[in-house]
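S.K.: One letter stands for each residue in the lines below.
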Amino acid sequence: MGEVTIMKKRKKFAEEPNFTEKKSYRPEGVKETGLAFIGHEISEDGNVMNQFLHYDQLYTIRHGENSKFFKGLLEGKILGTRCPKCGDIWVPVRTHCWNLNCNLEKTEWLEMPLTAKVHTWTIAGWSGRSSLKRLPIVLVYAVIGNSNVAIANELHDIEPWNVEFGMPLKIVFKPEEERIGAVTDFHFKPADGWEPSPWNKEKERIQKLVEPVYEWVKTLK
Amino acid sequence: MTKKVCVIGGATTPFDYGPTGFESIEGGAAECIRETREDIPDFSMRDIDLMIYSHFSVHFGHQLCSEWIIHDHLGLVGVPQYRIENGGNTGGSALYAAALAVMSGHHDVVGVCGWETMDSVSQSQGSEFIALASDIRYELLVGGIYPIYYAAMANKWMKDNKVTEADVATIGAKNRNNAMDNAKAQWYRNEHKYITVDDVMNSRLISYPIKKYDCCLMSRGVAFLLICSEEYAKKVNPDGYVTIDGIGLSSCTIRAGDRLNFPGWTERYGKNYPGMTEFGACRSSADQAYKMAGIENPLKDIDFGEIHDAFSTSEAQIYKALYLADENNIAQFLRDESTHMHGQIPMNPGGGLMGYGHPVGATGLMSAIECFYQLSDLIPKKHLSKKTEVPDAECGIVNSHAGTGTSISNFIMRRS
Ligand SMILES: [Zn+2]
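Those protein sequence lines, which keep their order, are chains U and R. Note that my numbering has the first sequence beginning at 1, numbered continuously upward. Note that my numbering has the second sequence beginning at 222, numbered continuously upward.
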């Protein structure tokens, strides 16, 4: 009878990364409570009942092959990727080429210049709860360097009505200690030397639309 | 040889934010089917041989596989079922799946049931849940809500096509005013008023150039639609059945900014299409549906539509994607009120997402149901008057749309 070898330890199929740099910036008072029924209400006629369920949960976003981009943000860099076959470049990054002829070619990383150009723009007068106090917010889709795609982010240091299609931008990072490795670590500003175009009808209309937003924000606590 | 696909009935609960009178999803589904049976009493629950469920976000109900609750409540144990999820195009995608099931000959009578319960969380939490369908790594944190992405796309589209804020505002007013003839519509049940273009123009800024009355509603609601073979249709609803003559489904990028030079589009439609302004997946799915249904001149061959007006701007963008107008005449097309009830091709006589409501999983089905009503002469019975009936309609289009145009389906329906 031949000998049977039983492996005592399960073979690992991928090396476990050793996470040595750990940071937490969770706001005070945020906890995972899991699932809990926390109340109910019943209508006066006794016919209808509502119940209140509370649930929250911590998620881990494992960036894996995309990690370089988000780690780059912590370092004040915008990293893009490029297909070695067809030469297309992307920010937001793609780890495999989008061109069907390239058959999911693995892409290579490159550092992008901190300059961009507005592709299109909008002025938010309403947003998610966490952003309300910062309204109105100018949001642009801009092309960074010679990327083949546009990326969304905020444009600061400009009167909302002065944004223009095609205007040149620079990328500005938050101070290093405030960065969290998310796209909010950077924003756009008008490129040095850029001047807004003269006053016109559309600017007047935009001003009329955003004035109540400024007033409304003042009423927020 | 594929089989002909027919629609023989369908109904929705009232759409609302807050109580509809049918708050439990399984109760709502049952009531939709009871209403369908009132229209076609010869249809029996025993005839259903496949159920397809249409539901977008389990976040709203905090119940995974909520279709299982509905399915056994309907008494359908043993009958095959599965659920489709495809963002705002969930309803359209479920209809697509049902059509394929019948076309193949493998199923004869397919029920499609959709719902969403968006009022189970606060409005701002609801907006955030929906925005989780944007790329959370790149877009959620900087835009946060869909109207902002749509506004950025619309702003450039309007400039490129010389369309003004007032031009698209006509759509926001039109759909809400149509909904005033529809007692199940959320606008009818809540704000309940006729509005003008000025009202839209003066409503609060959401994201330039989109204002409050350019935006659709967040809703609770359930819808049910019955799809079948022509043999079964002739048995149960011989005088009123409608045929689905063309179907199309297509896809685009999750992030709108990735559309500038996508090889998959440039090889189909040439350089710079769709860019961030056009809905490539709408054009591509319309191309498929038109070809299948033999539509050569959409503006002439189609009498009306029920389309995905998430925003008044996107309804206008959809007109162009469907070839109803091009960059030279889209502005005039809007100024001529071509899609109002008195226009050449009325759009959203049922009120659309802005008037009827947008409980995501039920929405595309609602559009298909309204299209069916028009083509089977049920509007006087289902609406409050004949004001929103498209007289002698022979052919309608149904459109369902997801993400920032990320998944889109189109259907051509004809009177039998
Ligand atoms: Zn390539």
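No lab work stands behind these hints: they were computed from the structure. Given the structure is predicted, the values throughout are model-derived calculations rather than measurements. Some hints could be false.
[Said to hold, decoys possible] What follows is a list of derived Cβ distance ranges for each label pair:
id, chain 1, residue 1, chain 2, residue 2, range
1, U, Arg-179, R, Asn-518, 54 to 60 Å
2, U, Tyr-214, R, Ser-245, 40 to 46 Å
3, R, Glu-256, U, Asn-146, 56 to 62 Å
4, R, His-563, U, Gly-34, 55 to 61 Å
5, U, Leu-100, R, Lys-521, 50 to 56 Å
6, U, Glu-28, R, Glu-259, 37 to 43 Å
7, U, Asn-101, R, Gln-284, 42 to 48 Å
8, R, Lys-380, U, Val-217, 53 to 59 Å
9, U, Gly-64, R, Lys-380, 49 to 55 Å
10, U, Glu-28, R, Ser-245, 52 to 58 Å
11, U, Asn-47, R, Gly-515, 49 to 55 Å
12, U, Leu-104, R, Lys-492, 19 to 25 Å
13, U, Lys-189, R, Lys-380, 19 to 25 Å
[Said to hold, decoys possible] Derived, one-sided and incomplete: chain R residues facing chain U with beta-carbon distance under 10 Å:
id, residue
14, His-294
15, Leu-295
16, Gly-296
17, Gly-299
18, Tyr-371
19, Ala-375
20, Lys-383
21, Leu-426
22, Tyr-429
23, Lys-432
24, Glu-488
25, Lys-492
[Unchecked claim] Okay, derived cross-link-like pairs now, BS3-like style, lysine-lysine, Cα gap no bigger than 27 Å in a straight line:
id, chain 1, residue 1, chain 2, residue 2
26, U, Lys-71, U, Lys-189
27, R, Lys-456, R, Lys-224
28, R, Lys-380, U, Lys-201
29, U, Lys-203, R, Lys-456
30, R, Lys-492, U, Lys-117
31, R, Lys-433, U, Lys-201
Cβ coordinates follow ideal geometry from the N, Cα and C atoms, glycine included.
S.K.: For U:Glu-28 and R:Glu-259, compare the CB-CB distance with the range 37 to 43 Å and indicate the outcome.
M.R.: Hint violated: Cβ distance 57 Å, outside 37 to 43 Å.
S.K.: Does U:Lys-201 lie within 27 Å of R:Lys-380 when you go C-alpha to C-alpha?
M.R.: Roughly 14 Å between the alpha carbons, so the hint for R:Lys-380 and U:Lys-201 holds.
S.K.: Minimum Cβ distance from R:Gly-299 to chain U below 10 Å?
M.R.: 31 Å, violated
S.K.: Would the hint on R:Gly-296 be counted as holding, given a Cβ-Cβ threshold of 10 Å to chain U?
M.R.: Constraint on R:Gly-296 not satisfied, violated at 25 Å.
S.K.: How does the Cβ-Cβ distance of U:Lys-189 and R:Lys-380 compare with 19 to 25 Å: does it lie in that range?
M.R.: Taking Cβ atoms as reference, U:Lys-189 and R:Lys-380 lie about 23 Å apart, which means the hint holds.
S.K.: With a cut-off of 10 Å on the beta carbons, see whether R:Leu-426 makes it to chain U.
M.R.: 3 Å, holds
S.K.: Compare the distance between the alpha carbons of R:Lys-433 and U:Lys-201 with 27 Å, and conclude whether the hinted pair is satisfied.
M.R.: Within the cut-off at roughly 22 Å; holds.
S.K.: Is the hint on R:Tyr-429 kept, meaning its closest Cβ partner in chain U is under 10 Å away?
M.R.: 4 Å, holds
S.K.: Is the interface hint for R:Tyr-371 satisfied, with its Cβ closer than 10 Å to some Cβ of chain U?
M.R.: Check passed: Cβ of R:Tyr-371 comes within 9 Å of chain U, closer than 10 Å.
S.K.: With 50 to 56 Å as the target window, see if U:Leu-100 and R:Lys-521 comply at their CB atoms.
M.R.: 36 Å, violated
S.K.: Was the hint right that R:Lys-432 lines chain U, CB cutoff 10 Å?
M.R.: 8 Å, holds
S.K.: Verify the interface restraint on R:Lys-492: the C-beta must sit less than 10 Å from at least one C-beta of chain U.
M.R.: 12 Å, violated
Of the numbered hints stated above, those contradicted by the structure are hints 5, 6, 8, 9, 10, 14, 15, 16, 17, 20, 25, 29, listed in ascending order.
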